[in-house]
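> Residue strings, one per chain:
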Amino acid sequence: MTEPDFEPPYLFPDYRATLLRAPRRELVHLPEEWFHRRSGPAFGRVPVKAEDSDLTRQHRGEPLGERIILTGRVLDSDGRPVRGTLVEVWQANAAGRYVDPVDTHPAPLDPNFTGAGRCLTDGEGIYRFVTVKPGAYPWRNHPNAWRPAHVHFSLFGPQLASRLVTQMYFPGDPLIPLDPILNSIADARGRDLLVAKFDPQTTEPEWALAYRWDIILRGRDATPSES
Amino acid sequence: MTVPTPSQTVGPFFGFAMPFEGDAHAVAPGSDGAIRIEGHVLDGAGEPVPDAVLEISEGDQFARCATDREGAFHFTVRKAPHFDVLVFARGLLRHLATRLYLPDADLDGDPFLQMVETERRRTLIASASEGGLRFDIHLQGDQETVFFQL
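Protein sequence lines, in the order shown, are assigned to chains S and F.
Each residue of the first sequence is one higher than the one before, starting from 1 at the first, in the working numbering.
Each residue of the second sequence is one higher than the one before, starting from 1 at the first, in the working numbering.
Next up, chain S with everything else stripped away, as it sits in the complex (with noise of 0.2 Å):
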């Protein structure tokens, strides 16, 4: 492909795991029409229920934080809307804590906030999800190290290649330079594709307001469509 490519590297010193994790062999290519233009996985079985996509009506009271609407396209590498794709996120609290069992952070759990959500993408290839803006929170990469507030996101799309697990943040984030995993990407454009833009038109008045994201995809839907 000529497109251009910001993908981080695997070997990345400045975050510690990738030392022992990076492989050092050379990667294998393969002709892209037998590896990555194979089908996507079949991830159908993987449950989304409406419910799923509104991580602030999960529990029993509304959880604590800055209430936001967090919507994007999905498309291909032609531009093309990728439609019912599966879309998953999950983040940390408001408070920068993760529900999750592995997170020691001393920072307060919600009872009414797990951090995780599940959607398809629509006939136009939008994803929608209402959520609590997340905190930022420390980790042991290097002294006094903290991750910039962020999503993760997870994406299948139409083929082997089109498969994408990444992180979104938000504009205007004074963590955002000093952070090792987003500056694994060298290229400052690459950076801020994974920057998400406050999006005045889609904010609910007296409601919440709304981060806008588009999400590029690799590969192209090889089933032709009418638009």
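No lab work stands behind these hints: they were computed from the structure.
Mixed in with the good hints, there may be bad ones.
To give a feel for the contact side, a few chain F residues facing chain S, derived at Cβ under 7 Å [as the list claims (entries may be wrong)]:
no.: 1; residue: Ser7
no.: 2; residue: Gln8
no.: 3; residue: Phe16
no.: 4; residue: Asp43
no.: 5; residue: Ala45
no.: 6; residue: Gly91
no.: 7; residue: Pro103
no.: 8; residue: Arg121
no.: 9; residue: Val146
no.: 10; residue: Phe147
no.: 11; residue: Phe148
By construction, the Cβ of each residue, glycine as well, lies at the ideal position given by its N, Cα and C atoms.
The hints should help you fit chain F onto chain S, whose structure is shown.
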């Protein structure tokens, strides 16, 4: 406009979000043609990777399994010559792709394997074990698994 959105690590905290009921079973255990595949994910020091999540797929089959504290994973699949395997983990800024071959597949006639150096092909071939197949994934080191460029 059509530059692909770059990847970022799955991180360590996916365990409350990515797993789903029955996720490791592409087909029901004990069903016709079902086989169990188990293995470990290991880092460059040979230590288990307890915060990885794997996906296996072939045709209409799909399964997902997060590794446990010992870096172990398992799948139940319906027998096929080979499966595509994706590996996500803390410390992997981008996921890895490999392929699992059944030991009784037509290994000599497979075009994928012809692209791989002879002495590294064995990293792609599961071995028979009690009750199924064994397939370990070495992210790094002398026995590093063959991974394909995405």
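> None of the hints should be skipped; say for each whether it holds.
Hints and how they fare:
| no. | hint | in the structure |
| --- | --- | --- |
| 1 | Ser7 | holds (5 Å) |
| 2 | Gln8 | holds (4 Å) |
| 3 | Phe16 | holds (5 Å) |
| 4 | Asp43 | holds (4 Å) |
| 5 | Ala45 | holds (5 Å) |
| 6 | Gly91 | holds (3 Å) |
| 7 | Pro103 | violated (20 Å) |
| 8 | Arg121 | violated (11 Å) |
| 9 | Val146 | holds (6 Å) |
| 10 | Phe147 | holds (5 Å) |
| 11 | Phe148 | holds (5 Å) |
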